[in-house]
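J.: Whole structure, please, built from the sequences with the hints as guidance.
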Amino acid sequence: METFWFIAISIVLVIFFILDGYDFGAGIIHLFFAKTEKDKEVITKSAGLFWDSNEVWLVAAGGMLFMAFPTFYASVFSGFYLPLIIVLWLIIFRAIGLELRGQFKFQMWKDIWDKSFGLSSLLLALFFGIALGNIVRGVNLGGVENGESAYEGHYFFLPLWDSSFSPLSKTPGIIDWFTIIIGLIAVVTLAIHGANWIILKTNSSINSYLKNIIFKLNISLAVLTIISLAVWNSVNPNSFNNFGHKPYLLIFPCIYLAGLIGLFFIKKLKKDIHAFTLSTLLIVGGITSSLASLFPVVLPSVNTIHEPLTIYNTSASEYGLTVAMNWAFIGFILLVVYAIVQKRLMAGKIDHMDYGH
Amino acid sequence: MEDMIFYDRLQFAFTITFHYIFPQLTMGLSLMIVYFKYRYLRNKIEKYNDAAKFFMKIFAINFTMGVVTGIPLEFQFGTNWAKFSELTGGIIGQTLAMEGMFSFFLESSFLALFIFGEKLMGQKLHLLTGFLVFLGSWASGWFILATNAWMQHPVGYEILDNGKFVLQNFSALFSNPWLLPAFLHNQLASVVTSSFVVASIGAFYILRNKQTEYGQLFLKTGVIFGLVSSILVAFPTGDWNAKNVAKYQPAAFAAMEGIFETEEAGAEIILIGQPNMVEKKLDNKIAVPNILSFLTHQEWDRQIPGMDQFKQEELPDNIPALYYSYHIMVGLGTIFIGLMLLATFLLWRKKLYTSTSILWAIMFIVPFPYIANLTGWYTAELGRQPYLVYGLLRTTEGVSPSVSSGNTLFTLLGFVALYMLLGLLFLVLVGKTINEGPKHQTH
Chain A
0 METFWFIAIS IVLVIFFILD GYDFGAGIIH LFFAKTEKDK EVITKSAGLF WDSNEVWLVA
60 AGGMLFMAFP TFYASVFSGF YLPLIIVLWL IIFRAIGLEL RGQFKFQMWK DIWDKSFGLS
120 SLLLALFFGI ALGNIVRGVN LGGVENGESA YEGHYFFLPL WDSSFSPLSK TPGIIDWFTI
180 IIGLIAVVTL AIHGANWIIL KTNSSINSYL KNIIFKLNIS LAVLTIISLA VWNSVNPNSF
240 NNFGHKPYLL IFPCIYLAGL IGLFFIKKLK KDIHAFTLST LLIVGGITSS LASLFPVVLP
300 SVNTIHEPLT IYNTSASEYG LTVAMNWAFI GFILLVVYAI VQKRLMAGKI DHMDYGH
Chain B
0 MEDMIFYDRL QFAFTITFHY IFPQLTMGLS LMIVYFKYRY LRNKIEKYND AAKFFMKIFA
60 INFTMGVVTG IPLEFQFGTN WAKFSELTGG IIGQTLAMEG MFSFFLESSF LALFIFGEKL
120 MGQKLHLLTG FLVFLGSWAS GWFILATNAW MQHPVGYEIL DNGKFVLQNF SALFSNPWLL
180 PAFLHNQLAS VVTSSFVVAS IGAFYILRNK QTEYGQLFLK TGVIFGLVSS ILVAFPTGDW
240 NAKNVAKYQP AAFAAMEGIF ETEEAGAEII LIGQPNMVEK KLDNKIAVPN ILSFLTHQEW
300 DRQIPGMDQF KQEELPDNIP ALYYSYHIMV GLGTIFIGLM LLATFLLWRK KLYTSTSILW
360 AIMFIVPFPY IANLTGWYTA ELGRQPYLVY GLLRTTEGVS PSVSSGNTLF TLLGFVALYM
420 LLGLLFLVLV GKTINEGPKH QTH
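Residue numbers (numbering that gives the first Met the number 0), protein chains in the order written: chain A, 0 to 356; chain B, 0 to 442.
In case anyone wonders, no lab produced these hints; they're calculated from the structure.
Heads up, a few of these hints could be off.
Here are the simulated lysine to aspartate or glutamate pairs, EDC-like style, with alpha carbons at most 16 Å apart [said to hold, decoys possible]:
hint : chain 1 : residue 1 : chain 2 : residue 2
1    : B       : K438      : B       : E212
2    : A       : K39       : A       : D110
3    : A       : K104      : B       : E435
4    : B       : K163      : A       : D110
5    : A       : K109      : A       : E36
6    : B       : K118      : B       : E1
T.: Have a look at this one:
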């Protein structure tokens, strides 16, 4: 039952990053590459029409996590206190940037909200990557050592950074050189994804230029991926054991690899949807590989006294998980139906659509 | 520790207060939008359709604000109230996850369709999407109140040795005797807010002598919805809730009503008075004897326990705040019924559109339904103190053990600053929409 919920929540999270990922990415592209007013407008629109129906997947994932693994939810949310609250503020800035831009016509107003949307998208992508980096690296989960208790039970509190800036320190902070690498991977991945989305949904004048950008971004992504793999094992020595024991899990890294290789052929692709599918593979592969490398651990412990948090020692009761499975099944079907209906009705290029309610 | 709980509570109170400004309007307004759209389908008079679309614009602004201020609340359970989340997540996680999955999704998916899809799908489907938005927003209220009802009156649980609450009976969460009255009371109160807003915008158009045709439609609809809902809020739903409090949280009831000492021969109802916590009595009291006993138990001389009957640590920790919240809510509710009765009478005599003073009153009363709704919410929450889960888990036991008060204070200040900005932008946007008026968007 715990495994079922682990998979279910992972699926919802992956869907969230596929969907909201493209509007984060659109924000990053908007920040760096949008030049003309027309481009800025259509790019904002390509995110603005969809962000709120995408963000509901985050709320769903949060709710499911709270219900199924309350101990994990409580430890992680209070442990990553500061970055999570900052993420909340960024989400707010991004949303109001998107919603407000079109409300008044004067340039300064638009500039402010353009920057707000672009910067907060960039920082959110970075923070989500850093969060993933923290989860695969593990944290100092407290416990009693030499008669001194670090924290109470499995509660911890991570500072934003530690003076050594190293993932190998005894008490690593949220931001260190390893988590920054993962953060950058997330930024580049989502930027590629967002660029593909813009090409897919708009007739923006920079679309052909964006294909060049994607090609370059893909090169840097490949480099970053190689670097991260090289250091991953030293940061968390158990990282690749799962793949050795259960070789079928290798399918997940292969998905990532397929996306990465495919995107080198971006200029030759016949249809825009194909490129978008490839960047979707990047996201699916990246997240699932990280989670598969940990399973059944959900938060490794970097100290030796406290056992890691797993899906078993953080879950709710068997009965609760079972009833929830029944309603979640119906709920999930409904979600997918809504999403399809909605995306269907808003299919095609969106340049002509009226935006700015 | 004291500091920490204070800042945590203040932060939650602040963020939820700000958040609740928005859903209380959208829940009621979605009903009125469906009404306008339905009338348009029946009589094909264009202005009803314009009204539906105009209020959907206001709805959309409120909805966005509600989403961005609602996500922090879900997070804060984990960030600031980690112990509470760990202990009760297996139960209230159910209702909160259902809220996200069933209602929030419904609302946001179909809101986009309602706004952008009228030309794509024809009028009947457009009404249907409006109805689904309404359904989503009310279902949202249902699940949130199911969560709150469990905290007020826990049911269907078992407590393990490690203090964790485990779900025993899923259906009990929704057949909780606290839930239905609280839900109905809350939803009707949100209809009060939205009808006052609609009426107020109508009064504004009439007084300004622009868009008067819409002004009259809004005013009429707002007044009729306002009369019906403000009466239903008081009776039967308000009464039903008060009886529930008396039954399940007698200490809170005594504090709400301001009864310091038990009167053997029946309790009086307090109309006015200020709790004096030093001498444990009400200052400047105006009260009517025996009414409270009658209202609560339908017996004039039935005894109602006063605060002297409970141990200090069982009593709510801020009795004046609870007492005032409750009395402000009730007082405002009474004023609303009075004003709406008067307005309906004038409407019937065909004098409402020219009664300038009443129009001014309706225009400026708008903040008060918001205040009534918020004080109502405070009454419920302050009444539950000193517990997070009534009778079982104290508020002091629910905070995050690893987060320091300095961090909580820092984030609280951040939220205050950010929400001030949001509030300002919200007012600018709504002001702009009202100023443009419904006619603006028909072309």
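J.: Check each numbered hint from earlier against the structure, then list the numbers of those it violates in ascending order.
T.: 4, 6
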